[in-house]
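*Asks:* Heads up: the sequence lines are chains P and Y, in that order.
Numbering-wise (our numbering), the first sequence opens with residue 1 and increments by one.
Numbering-wise (our numbering), the second sequence opens with residue 1 and increments by one.
It is worth saying that the hints were derived from the structure and are not from the lab.
Heads up, the beta-carbon is just placed ideally off N, CA and C, and yes, glycines get one too.
Not one of these hints is a red herring.
Computed beta-carbon distance windows for the label pairs:
| hint | chain 1 | residue 1 | chain 2 | residue 2 | range |
| --- | --- | --- | --- | --- | --- |
| 1 | P | Asp-27 | Y | Pro-172 | 49 to 57 Å |
| 2 | P | Glu-225 | Y | Lys-20 | 56 to 64 Å |
| 3 | Y | Lys-20 | P | Ala-185 | 38 to 46 Å |
2 protein chains.
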Amino acid sequence: MSNFFVIDGGGTKTRGWLVKSDKSIMDEGTAGPSNVARLGAEGLRIALSELLADCPAARTCAGVVMGLAGVGRERERELAVAVAREFWPHTPVHVVTDAHLLYEGAFCSGERGILLIVGTGSIAFYQNPHGHEFFRAGGWGPLLGDEGSGAWIGREALRHCLWEGEREELSPFHAALLEKLKVDATHDIITKVYREDFGPTRWAELAPLVFEFAEEQPEVMAILERAALELIDQVERLIEDVPQSMALVPLVVTGGLWERRAVLEPLLLEEIQLRQLPLTIVEPAGGAVEGGLVILTR
Amino acid sequence: MSNFFVIDGGGTKTRGWLVKSDKSIMDEGTAGPSNVARLGAEGLRIALSELLADCPAARTCAGVVMGLAGVGRERERELAVAVAREFWPHTPVHVVTDAHLLYEGAFCSGERGILLIVGTGSIAFYQNPHGHEFFRAGGWGPLLGDEGSGAWIGREALRHCLWEGEREELSPFHAALLEKLKVDATHDIITKVYREDFGPTRWAELAPLVFEFAEEQPEVMAILERAALELIDQVERLIEDVPQSMALVPLVVTGGLWERRAVLEPLLLEEIQLRQLPLTIVEPAGGAVEGGLVILTR
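For reference, chain P alone in the conformation it holds in the complex (with noise of 0.2 Å):
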């Protein structure tokens, strides 16, 4: 039996699994970040070479699956497979995004459905079961979306502290939150976006202390509602996308927000129950090697 070799690549971490096509795993290792948008193709040749000095034997593999974010652009995807022939010369390599990856593992049994991530950033998709489309909703990014990622989670927070500044009622966050920013004063939130290094890419870092919080102050819980809202907006984008003989559409929820699902779930359900949508939350059938599975066996 071959050896194949599944790269799932995020903004923050990249992981790889030497596996065999029956998904048992030889060896597996970590990289740094691979994202080819922002770091381009030097931060994918340093990634892929971390992993190879991990899974030496992924060299001589006999299929590559790189699912990769910052790829979901031609140009980008192109790059992502220039680098990966330095490394495979003769090896059929295939590249997809990291959240296409995730579909294909998250539906990898049976029925098609909608895959929410909500990690950092927040996106969504379904892929068609009778064609090749992918559709998307969401990922714009902290600047102009990621709706109810924790990102969002984050601003928002900050947003909440800077009205109670304004309405000169301090609660308990409110003093957690100017301590986790180190900054005395409300004020000094502007200073500290604006003119410091905390800008949207480290927002999410506030999204623990909302959770935290949530559940001794109704309006930081507020935040956590709006943040389901958002989420469930962008997977309703996409039923019109689902076909209607579909009864219940199942939907996965993954990323590194779902950690928190004990409290995100039930308002998600709540919001779902609210809007009669027709959408039950299953577990995934599998994950990124389940889905690096799929592509190379199509």
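Got chain P; can you put chain Y on it based on the hints?
*Replies:* Using the frame of chain P, we list chain Y on its own:
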């Protein structure tokens, strides 16, 4: 009669007027930006030098009022005073925010009300006549707020086009926006915003296009309707600071976007009526010059 020098310094332009206490203007000058928070002491020094080159007689005036962007906090205010001292070592110098100067001008002749400034950014003010309290709402900049402002409208325009791109429903507005941005496809907006020069400080450049297409495309008009809603939100946040004895609170609107008053005013009025707010839009009693004289003679 003595001469006074009144300076209105914003993020893009600084103006100065040499005036007598009867409000007659003897001379005036213009200079570049003078935002102390952004450009520091040197930026203000350059702007003042330019103003005094235009108005040399201002060097020997009897009093100076500087209304400057970016002096909301004590540290920046003190910096501005120190720079002014270099030019006028023995003359009384008053430093206030540019918004404060406009407020004093707008309400120089009677009852105080709410001032809404809507340009690249947005902010609302109310000053209690019985105290020195100066209440503000908004003004958090393009990343965290400035709801309803030119930058906000520009960002919503970008988001609207991304949304249309997802739905593959490309309107004439969509085509015009891509042309304005000099990009070929919807998805290039993401690259333009995150990797090129078209960040938050430039979003306001798109606002004119929104006004241009609002009449013919209801969903573009909807952006302006939401902007009006956000602006009235800011004003509403201040109403609770206004004494209950005031039956109808005067609202003065000013700023670059108010050049589109023909479109904006009906939207604001509709929102005010919908919420049954005790607000009446009035003309400002005066501008920066009148505001400066109020501050000098207090």
